[in-house]
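J.: Residue numbers (the working numbering), protein chains in the order written: chain X, 1 to 230; chain G, 1 to 295; chain E, 1 to 295.
Hints listed in this document are in silico derivations from the structure and should not be mistaken for laboratory results. Hints may contain errors.
As the list claims (entries may be wrong) - The following residues of chain E were derived to be distant from chain X, with all beta-carbon distances above 12 Å:
| no. | residue |
| --- | --- |
| 1 | P46 |
| 2 | D86 |
| 3 | A149 |
| 4 | T189 |
| 5 | A199 |
| 6 | K226 |
| 7 | D276 |
| 8 | G292 |
Stated by the list, open to error - Taking lysine-lysine and the DSS-like style, the derived pairs with C-alpha atoms no more than 25 Å apart in a straight line are:
| no. | chain 1 | residue 1 | chain 2 | residue 2 |
| --- | --- | --- | --- | --- |
| 9 | G | K293 | G | K283 |
| 10 | G | K171 | X | K55 |
| 11 | X | K55 | G | K105 |
| 12 | G | K84 | X | K151 |
| 13 | X | K55 | G | K13 |
| 14 | G | K84 | G | K103 |
| 15 | G | K184 | X | K222 |
| 16 | E | K135 | X | K15 |
Think of the CB as a built atom: it goes at the ideal place given N, C-alpha and C, for glycine as much as any other residue.
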Amino acid sequence: MDFFDNIVRLLTTEKYMDMIYQGLETTLTVSIFAAILGLLIGTVVAIVGISGNSKWMLLPKLICKIYVTVIRGTPMALQLFIMAYAIFAIRGFPQEITAIVAFGINSGAYVSESIRAGILSVDIGQTEAGRALGLSGATTMIRIVIPQAIKNVIPAIGNELIALIKETSIVSMIGMYDLTQAAKIIGSGTNMASYIVPMSVAACFYLAIVYILTFGIKFIEKRLRAGDKR
Amino acid sequence: MISVKKVTKKFGKLTVLRGVDCEIKKGEQVAIIGPSGSGKSTLLRCMNLLEIPSGGEVWLEESLISAPDPYLHPEIIKESSTYKTLTKNGAEDACELIVNERKLKRYEGLGFSGALKSYTAEHGIGINSARQKMGMVFQHFNLFNNMTVIQNLTLAPVQLKLKTKEEAEAKAMELLRRIGLEDKRDEYPSKLSGGQKQRVAIIRALAMDPDVILFDEPTSALDPEMVGEVLDLMKSLAKEGMTMVIVTHEMGFAREVADRVLFIDEGVIKEEGPPSEIFDNPKNPRLKDFLSKVL
Amino acid sequence: MKKIISLILALAMMLALAACTPADNGDNGGGEGGSIYVQTNAFFAPFEYYDGTEIVGVDVEIMEKVGQKLGKDIVWQDGDFGIIIDTVKVGQLADCGAAGLTVTDERAAKVDFSTPYYTSIQYVVLPAGSDIAKKTASGVEYIVWEALAGKTIATQTDTTGWIYTDGEINATADNDYGYDGVLYGTGTTHQPMDNADVAADALGTTVDALIIDELPAKYLTSNSTKGLTCYPLYYSGAEGEADSPVEEEYAICVTKGNTELLTAINEVLAELLVEDANGQTQIEKMVMQHMGMSN
Chain X
1 MDFFDNIVRL LTTEKYMDMI YQGLETTLTV SIFAAILGLL IGTVVAIVGI
51 SGNSKWMLLP KLICKIYVTV IRGTPMALQL FIMAYAIFAI RGFPQEITAI
101 VAFGINSGAY VSESIRAGIL SVDIGQTEAG RALGLSGATT MIRIVIPQAI
151 KNVIPAIGNE LIALIKETSI VSMIGMYDLT QAAKIIGSGT NMASYIVPMS
201 VAACFYLAIV YILTFGIKFI EKRLRAGDKR
Chain G
1 MISVKKVTKK FGKLTVLRGV DCEIKKGEQV AIIGPSGSGK STLLRCMNLL
51 EIPSGGEVWL EESLISAPDP YLHPEIIKES STYKTLTKNG AEDACELIVN
101 ERKLKRYEGL GFSGALKSYT AEHGIGINSA RQKMGMVFQH FNLFNNMTVI
151 QNLTLAPVQL KLKTKEEAEA KAMELLRRIG LEDKRDEYPS KLSGGQKQRV
201 AIIRALAMDP DVILFDEPTS ALDPEMVGEV LDLMKSLAKE GMTMVIVTHE
251 MGFAREVADR VLFIDEGVIK EEGPPSEIFD NPKNPRLKDF LSKVL
Chain E
1 MKKIISLILA LAMMLALAAC TPADNGDNGG GEGGSIYVQT NAFFAPFEYY
51 DGTEIVGVDV EIMEKVGQKL GKDIVWQDGD FGIIIDTVKV GQLADCGAAG
101 LTVTDERAAK VDFSTPYYTS IQYVVLPAGS DIAKKTASGV EYIVWEALAG
151 KTIATQTDTT GWIYTDGEIN ATADNDYGYD GVLYGTGTTH QPMDNADVAA
201 DALGTTVDAL IIDELPAKYL TSNSTKGLTC YPLYYSGAEG EADSPVEEEY
251 AICVTKGNTE LLTAINEVLA ELLVEDANGQ TQIEKMVMQH MGMSN
């Protein structure tokens with residue numbers, strides 16, 4: 001079997017594996033920091049979105065609404081392109097940061113919708129009870145609503161995280177050395193001259209990351225439910 | 001203690017309260033009864049501003065807790081541009097005209113807004129500090145699901161710096177002993193029965209040392225066998241002289257505990273008086289009709 | 001895609017002008033120090049390709065010499081082949097582009113080209129057992145365009161192979177192209193691909209032939225385990241004339257007006273294009289070396 005021989009050849013060639021690891025590092029760095037940025041942005045946007053209609057909130061609300069609409073309505077590849085070749089069109093600007101910002105902003109829009117749904121799923125009576133005790137809106141949100149919302153939100157956030165990791169494979173478009181790029185280079189004419197083998201190996205790595213992540217999310221979910229003693 | 005002045009409440013096009021006046025005195029237990037949809041819960045929720053009144057004012061002691069309603073203050077109306085225009089055009093009692101026809105516009109000039117602001121500054125108090133003195137008990141208990149019983153009881157006093165953590169816990173344990181649930185201190189609300197939940201919710205309000213407690217149909221969501229334990233706790237509070245406003249369907253309880261009963265229907269108070277008057281000698285035909293159905 | 005890229009780059013230019021960012025800190029002006037930013041697409045061996053995680057190749061060696069001459073560092077930026085010309089045209093992100101770029105009128109309108117340093121012939125890569133007809137003249141086996149009629153031809157998007165194939169299939173004297181394509185109306189399918197290596201994988205299954213520059217073609221066939229073969233691509237000669245190869249010349253492009261850099265590149269190229277005693281230039285030696293064919 002030519003295919004499996006080539007897989008073995010790839011896995012046992014130190015040079016190729018170094019390339020894979022280098023790409024993996026980029027993929028993980030971009031994914032992890034973009035996920036953190038996305039969570040921060042998403043939480044802020046969600047809270048702005050569900051806050052009351054006071055006149056101070058009108059402009060922030062409008063901005064958040066436009067942000068979510070535009071980001072969710074345009075392809076990630078174009079957002080990355082604009083980020084790399086328009087917004088951060090600065091010489092020597094670290095590409096990792098370009099990618100982290102682009103993916104963080106993208107992820108934030110999706111995460112904000114999940115968090116918003118999670119917060120809205122918490123019974124309004126919880127907020128009323130907090131406010132009726134004289135707690136401020138912010139304290140009620142932070143101490144009472146968000147801890148209950150998180151439980152509802154974790155599965156959705158997990159899915160978003162998984163989508164994010166896989167989507168980072170397009171960073172090779174702006175010349176970044178991620179897992180997909182590493183596979184492309186290994187598959188190029190100067191190396192193995194076949195795409196199928198390195199791409200399959202890269203796919204297995206993505207699968208492994210996603211599997212570990214899924215496992216972690218399940219674990220966290222279980223812990224949260226246990227803490228709940230339900 | 002609580003003064004409700006000409007309070008109206010609209011939800012979109014639906015008018016739920018049509019100008020309610022009432023006064024809750026210190027140490028008094030007032031029951032609010034009425035058919036469902038009559039606006040009795042809305043009135044109660046307007047008292048601590050969980051519903052923002054569309055018009056009228058709510059006062060706690062000497063402090064205004066809602067926004068000021070210019071229609072209640074002739075001196076503020078006189079600052080409005082509408083008043084000035086009307087007077088210039090020779091209207092005799094422009095003030096009365098404006099109140100009767102609710103003529104104030106959304107914007108009435110800087111003088112008018114300034115007068116409203118300074119009135120609020122003089123009489124107003126922040127809603128959060130007002131609520132600290134007004135406990136509230138809900139139909140569906142609304143215990144914080146993410147916290148244990150003891151955390152439910154101590155969160156607000158500690159967070160609002162009314163008590164230290166130790167003081168708050170001591171007080172909470174004292175209250176738990178009172179209702180015989182000290183062994184549940186570290187349980188989550190989901191482990192409690194409905195009656196236990198509601199009793200914890202009542203002592204959660206008590207933990208704030210409130211001046212008044214508002215009860216919004218506290219037994220409506222309970223299984224019949226648990227109603228008694230909650231009513232017993234409320235009765236003992238009443239005996240201690242706690243000021244209480246109770247929206248209830250329990251007519252027997254209202255008759256036994258309340259000093260005064262308000263019958264509310266179609267968004268206005270149709271009749272009020274001591275329970276003996278209301279239950280034994282009703283005058284309003286709607287009240288008679290209502291009592292014939294529930295008694 | 002091209003339009004979008006142009007649009008984005010136009011936006012970039014506007015942003016740069018509006019913000020007056022310190023991006024153009026004289027790197028592309030005179031003086032020692034600083035860096036030269038080179039845009040490339042590092043999937044074009046032997047001119048630029050990844051060795052592990054490093055970009056190497058003939059163009060890299062040329063630009064290193066240019067850097068030495070000017071006393072500047074060379075910074076390589078990998079990206080889509082399609083954006084190189086536009087990026088260099090704008091000049092915001094890169095001073096020059098080196099990626100085995102063929103000189104065309106369309107490109108020359110946007111950027112300045114150095115003296116050509118390599119002449120490449122378009123090659124056709126075929127899968128093992130292909131039935132596409134070959135011709136032979138003066139000992140060279142080659143394929144003429146006509147032999148590809150009715151086949152599915154793969155190219156790498158935006159490369160010259162793509163431009164030629166697109167023209168031969170779609171051009172008639174009546175449309176925008178203004179000339180008669182050899183393969184027009186023959187039912188030939190053009191299958192542009194992201195990258196020549198993808199196309200190589202598809203050879204023999206979904207694709208019948210791949211048109212690509214000579215050197216990458218030879219690279220592909222020598223490293224592939226699938227028994228690929230490659231032949232030069234020729235135009236059929238007119239009556240009585242010999243067939244002629246589809247040739248092109250590579251050059252390095254520079255942002256218009258950057259004469260200092262252009263001069264330096266041309267000086268370096270002039271040195272590298274001097275033939276030695278065997279009639280071989282430095283560049284030819286580099287090419288052989290990077291293809292693993294030195295000595």
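J.: Confirm or reject each hint.
T.: Do the hints match the structure? See the list:
1. Here E/P46 does not stay apart from chain X, with its beta-carbon only about 8 Å from theirs, under the 12 Å limit.
2. Not every Cβ of chain X is farther than 12 Å from the Cβ of E/D86; the closest lies at roughly 9 Å, contradicting the non-interface assignment.
3. Chain X leaves E/A149 outside its interface by the beta-carbon criterion, the shortest separation being 27 Å against a cut-off of 12 Å.
4. For E/T189, the non-interface assignment is confirmed: its Cβ lies about 21 Å from the closest Cβ of chain X, beyond the 12 Å cut-off.
5. Not every CB of chain X lies more than 12 Å from the CB of E/A199, the least distance being 10 Å, so the non-interface label is violated.
6. For E/K226, the non-interface assignment is contradicted: its Cβ lies about 7 Å from the closest Cβ of chain X, within the 12 Å cut-off.
7. Every beta carbon of chain X lies more than 12 Å from that of E/D276, the smallest distance being close to 27 Å; the non-interface claim holds.
8. Look at E/G292: its CB is around 9 Å from the nearest CB on chain X, not clear of 12 Å, so calling it non-interface is violated.
9. Restraint check: the Cα-Cα separation between G/K293 and G/K283 comes to about 16 Å, which is no more than 25 Å; the hinted pair holds.
10. At most 25 Å may separate the alpha-carbon atoms for a hinted pair to count; G/K171 and X/K55 exceed this at roughly 41 Å.
11. Our distance criterion of 25 Å between C-alpha atoms is met by X/K55 and G/K105, whose separation comes to about 19 Å.
12. With a CA separation close to 58 Å, the supplied pair G/K84 and X/K151 exceeds the 25 Å bound.
13. A distance of roughly 23 Å separates the Cα atoms of X/K55 and G/K13; the hinted pair therefore holds under the 25 Å criterion.
14. Using a Cα cut-off of 25 Å, the hinted pair G/K84 and G/K103 holds, with the two alpha carbons roughly 12 Å apart.
15. A C-alpha spacing of about 24 Å is found between G/K184 and X/K222, which places the hinted pair at or below 25 Å, so the restraint holds.
16. Between the alpha carbons of E/K135 and X/K15 the distance comes to roughly 41 Å, so the proposed pair goes past 25 Å and is violated.
The structure shown violates the earlier hints numbered 1, 2, 5, 6, 8, 10, 12, 16.
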